[in-house]
Amino acid sequence: MPNMDPKKHAMPTQPAEQRIHNFEEVAQGYTAFIAMEEAQRCLNCKHRPCVSGCPVQVNIPDFIRLIVKGDMEGAYQEIAKTNALPAVCGRVCPQENQCEKQCVRGIRGEPVAIGRLERFVADEHNASSREAPVPAPRNGHKVAVIGSGPSGLACAGDLARKGYDVTVFEALHRSGGVLVYGIPEFRLPKAIVQREIDTLQALGVRVETNTVVGRTITVDELMGEYGYEAVFIGSGAGLPKFMNIPGESLKGVYSANEFLTRVNLMRAAVPGSDTPVQRAMHVAVVGGGNVAMDAARCARRLGAEVTVVYRRTREELPARAEEVEHAMEEGIVFCFLTNPVEILPDDQGWVRAIRCLRMELGEPDASGRRRPVAIPGSEHDLPMDAVIMALGTSPNPLIRDTTDGLETQRWGGIIVEEGSGKTSREGVYAGGDAVTGAATVILAMGAGKQAAAAIDQYIQNKQ
Amino acid sequence: MNRIVEKTPLNPTVTRMVIDAPQVARKAEPGQFIILRVSEDGERIPLTVADYDREKGTVTIIYQIVGATTEKLNHLNAGETLHDFVGPLGRPTETEGLKKVAVVGGGVGCAIAYPVAKKLHEQGCEVHSVIGFRSKDLVILEDEFAAASDRLLRMSDDGSFGEKGLVTDALRGLLEAGEQYDEVITIGPLIMMKFVCKLTKEFGVKTVASMNPIMIDGTGMCGCCRLTVGGKMRFACVDGPDFDGHQIDFDEAIARAGTYRDFERKAREEACNLFREVR
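Chains as they are written, first to last, in the numbering used here: chain A, 1 to 463; chain B, 464 to 742.
Mixed in with the good hints there might be a few duds.
Unchecked claim - If we take Cβ atoms under 7 Å as the criterion, some of the chain B residues that face chain A in the derived model are:
| # | residue |
| --- | --- |
| 1 | Glu506 |
| 2 | Leu561 |
| 3 | Cys588 |
| 4 | Gly683 |
| 5 | Met684 |
| 6 | Tyr723 |
Derived by calculation from the structure, the hints in this document are not laboratory data.
Heads up, the beta-carbon is just placed ideally off N, CA and C, and yes, glycines get one too.
Whenever a hint applies, use it, and build me the whole structure from the sequences.
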């Protein structure tokens, strides 16, 4: 008999008043007992709507059935058939817009907690499994993967499992891309990311850190003198956007990328770290996406009073509902319908305040969301000593500027064939944020997997 | 991990290191920079390429001890290794087609100006170099500049080296004497470059300044190195580090450069104390 409780089992979390003083993971994960209870809420529908909601088509009802039977390792293997990074996706996927959105249980009540179950299964596997994966027999073909974020890791993993000799080139000193420089420890512990990378290395993938493709080495050199038969570009969307308002270059104004990189990758919050980060008292975070929530919650943990400034309302926030709730629990204040127009300096050139206009929602714009319109005469100043701009990012120009014949969109995204990731250059594939602009981990992973299949086909057909 | 091949003190606070980094040496050009980390969990710091040897696979850096990381770097010796060394980053200095150039370097900035002067000299360009230091004991690369320049003007704040005065005094002399340059290339403290650019604007001589703002990743990701050039936001790491000196908002760059000054001072003191305790 299925469990007909209309509500999904709550995720045990660190209490807000405790977690604002540490960077440890907020969500603590289901116990085996809760997971098995929750798994029984799945009706095992014939038409499997949840699977169609998943960008990598995880066999969701199948893995949930195995949890019900208590076969956690079997459940893990079921997920691992299509998902290269289950412990990561179980944590950071926006399930509410994907698998869980399609769940039949969501019509009357809450959907099955698919993401939490995925995470549980992956964590169980990671805690118990000691076996190193066995590398596939080598097929003698070399493929280069640029970037060690979600798309690159997924692509590299699939190709290595097929026997390719894969080298991942990473610009930073540590691999993982946005999973290590962007997403904070309290949402995605770095040990989990490292474990996924260790697994890939055990499969035979080589990772070359400190290698900036476009500078240290070019795509043409990789395919020429270095002898790679195909290249996958998964270089992400790293270039931060600013608002172009006065005062954005004052001391105390940061892009979310800078702030998060200092805190996450460079561990600036850890005592004794050589990398500095400003210990501000009053921080404004401008923007309403997941990156804005991450920046706000990091600033909170560094001891600041934090205000999120967003020009639309709570309904339009692009961030995951869960992240917004967590941020609110942590005492982060939201100023909705508020838009900065200027950042004001003190006499030392540091941020003193942020000048904002109040907005109201007008007609829907191209994105279908109602356009915020400024209310005349509504200027007001919010006193702040730091401002973090979390307005999105665009693809990094280094590779497109140094690769002849690689066609890109006007805004910088690499143009690819739908479904294969094939670019305008023969043997060159791309995926993830480098193609789509800033999106999600799971979409990037899906693109990496599709490209791996297409690269395999391309190399096999060439022979 | 990259091995330190050679370490040579150039003056009490400035040191030259030759680093084994074949991949960087293959591509490096004057004007580009590298980012290094001394140790695990260390800070990433940008340093401009001072020289390179493609055959030996080495890259030379010259650094001044200013903060904790350069202090720690300076405690390493030949044979030891750097944790990370990545590059070359940024765009090379454009030297093509230049027939006559004034290279103006100040202090440790001369370490960056030298490879530019050398490259120009090697391609047959007439090079007039103006180098300035606070005093004689801080002078670096004098012989190297002499070898790479058709004219070399030496300046110091206290008159203990060359003429007493600022590099702008010497450059003004050259410009007033009617020297016609295709370009002035200036590298040094922000305040010096600001006044060099102000001077050359008066004379209508195109000027390129090499900027060295605070950076983290060096690949365009963090936006920390942003500058205002010609009213537009530019990232020194990917758009520069060279920019049209007449378009740079130097006052803003000077303010931003001071963001972590207190932190750096404190961190360096802590690093010094740490080494003292070890001894």
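Hints, verified against the model:
no. : hint   : result
1   : Glu506 : 4 Å, holds
2   : Leu561 : 23 Å, violated
3   : Cys588 : 26 Å, violated
4   : Gly683 : 5 Å, holds
5   : Met684 : 4 Å, holds
6   : Tyr723 : 5 Å, holds
Hint violations for this structure: numbers 2 and 3, all remaining hints satisfied.
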